[in-house]
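> Between the sequences and the hints, there should be enough to build the whole structure, so can you do that?
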Amino acid sequence: MHRILIVFGLTTAVMLFIFNSADWYANKSALPRYCENSAQAVAIVEEILTSPTPGEGEKRRPYIIAAKLIFLVPREEDETMPDYLVRLRSRISQSCGVAF
Numbered sequence: 017m018h019r020i021l022i023v024f025g026l027t028t029a030v031m032l033f034i035f036n037s038a039d040w041y042a043n044k045s046a047l048p049r050y051c052e053n054s055a056q057a058v059a060i061v062e063e064i065l066t067s068p069t070p071g072e073g074e075k076r077r078p079y080i081i082a083a084k085l086i087f088l089v090p091r092e093e094d095e096t097m098p099d100y101l102v103r104l105r106s107r108i109s110q111s112c113g114v115a116f
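In case it helps, the working numbering puts the sequence shown at residues 17 to 116.
Hints are computed from structural coordinates only; laboratory data are not their basis. Every residue gets a Cβ at the ideal spot worked out from N, C-alpha and C, and that includes glycine. Wrong hints could be hidden among the right ones.
Between beta-carbon pairs, the in silico distance windows are [stated by the list, open to error]:
#1 Asn43 / Leu65: 33 to 39 Å
#2 Leu26 / Ile86: 31 to 37 Å
#3 Ala59 / Val23: 26 to 32 Å
#4 Cys51 / Phe24: 23 to 29 Å
#5 Ile20 / Gly73: 18 to 24 Å
#6 Ala29 / Asp99: 30 to 36 Å
With a straight-line Cα cutoff of 25 Å, these simulated SDA-like cross-link-like pairs (lysine to any residue) come out [said to hold, decoys possible]:
#7 Lys44 / Leu101
#8 Lys44 / Arg107
#9 Lys75 / Asp94
#10 Lys84 / Arg49
#11 Lys75 / Ser54
#12 Lys44 / Leu32
#13 Lys44 / Pro90
#14 Lys75 / Glu93
#15 Lys75 / Gln56
#16 Lys44 / Ser109
#17 Lys44 / Val89
#18 Lys75 / Glu92
#19 Lys75 / Ala46
#20 Lys44 / Val30
#21 Lys75 / Val89
#22 Lys84 / Glu62
#23 Lys44 / Pro70
#24 Lys84 / Ala59
In structure tokens form, the structure reads like this:
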């Protein structure tokens, strides 16, 4: 029983470290990259989530970069698209230190 508690405690500590590190990376490194063209990135995210063929005939790079935002700030269950976009804008604004 003692060994199980040790393994459980170590696993919990490792998981907390991983989640905290991922959150730190998103806030300090990944999200600030979107400060320059945040409005464009949010518009592309909206297009990715709503269009059946996003970026058709366009360069792929801006769409790939904007798609990372969906990973960094995932849409919550039963969250409407306008609410998600507002939350996404506020998260980027928080990270950049400015409102847009």
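> For each hint, tell me whether it holds in the structure or not.
We went through each hint and held it up to the structure:
A beta carbon spacing of about 22 Å between Asn43 and Leu65 contradicts the range 33 to 39 Å that was offered as a hint. At about 32 Å, the beta-carbon gap between Leu26 and Ile86 stays in the expected band of 31 to 37 Å. Evaluation of the 26 to 32 Å hint for Ala59 and Val23 yields a failure: the beta carbon distance comes to about 47 Å. Checking the proposed 23 to 29 Å range against Cys51 and Phe24 shows it is violated: the Cβ atoms sit about 41 Å from each other.
Take Ile20 and Gly73: their Cβ atoms lie about 57 Å apart, and the range 18 to 24 Å is violated. Distance hint for Ala29 and Asp99: a CB-CB separation of about 35 Å, consistent with the stated range 30 to 36 Å. The straight-line distance between the Cα atoms of Lys44 and Leu101 is roughly 21 Å, inside the 25 Å bound, and the hint therefore holds. Simply put, Lys44 and Arg107 have alpha-carbon atoms about 12 Å apart, close enough for the 25 Å limit, and the pair holds.
Pair hint Lys75 plus Asp94 does not hold up; C-alpha atoms about 31 Å apart against a cutoff of 25 Å. In summary, the hint linking Lys84 to Arg49 is supported, as the alpha carbons are separated by about 11 Å, within the 25 Å threshold. In summary, the hint linking Lys75 to Ser54 is supported, as the alpha carbons are separated by about 18 Å, within the 25 Å threshold. At roughly 18 Å between alpha-carbon atoms, Lys44 and Leu32 fall within 25 Å of each other, so this suggested pair holds.
At most 25 Å may separate the alpha-carbon atoms for a hinted pair to count; Lys44 and Pro90 meet this at roughly 17 Å. For the given pair, Lys75 sits about 30 Å from Glu93 by alpha-carbon distance, which is inconsistent with the 25 Å threshold. A C-alpha spacing of about 14 Å is found between Lys75 and Gln56, which places the hinted pair at or below 25 Å, so the restraint holds. A C-alpha spacing of about 13 Å is found between Lys44 and Ser109, which places the hinted pair at or below 25 Å, so the restraint holds.
Between Lys44 and Val89, the direct Cα distance comes to roughly 14 Å. Compliance with the 25 Å bound is thereby established for this hinted pair. Pair hint Lys75 plus Glu92 does not hold up; C-alpha atoms about 28 Å apart against a cutoff of 25 Å. Annotation: proposed proximity of Lys75 to Ala46 holds, straight-line Cα distance about 21 Å (limit 25 Å). Taking the CA atoms of Lys44 and Val30, the gap is about 21 Å. The hint holds against a cut of 25 Å.
This hinted pair checks out: Lys75 and Val89 have alpha carbons roughly 23 Å apart, not beyond 25 Å. This hinted pair checks out: Lys84 and Glu62 have alpha carbons roughly 13 Å apart, not beyond 25 Å. A hinted pair counts as satisfied when its Cα atoms are at most 25 Å apart, and Lys44 with Pro70 does not qualify at roughly 29 Å. Our distance criterion of 25 Å between C-alpha atoms is met by Lys84 and Ala59, whose separation comes to about 13 Å.
The structure does not agree with the numbered hints 1, 3, 4, 5, 9, 14, 18 and 23 stated previously, though it agrees with the rest.
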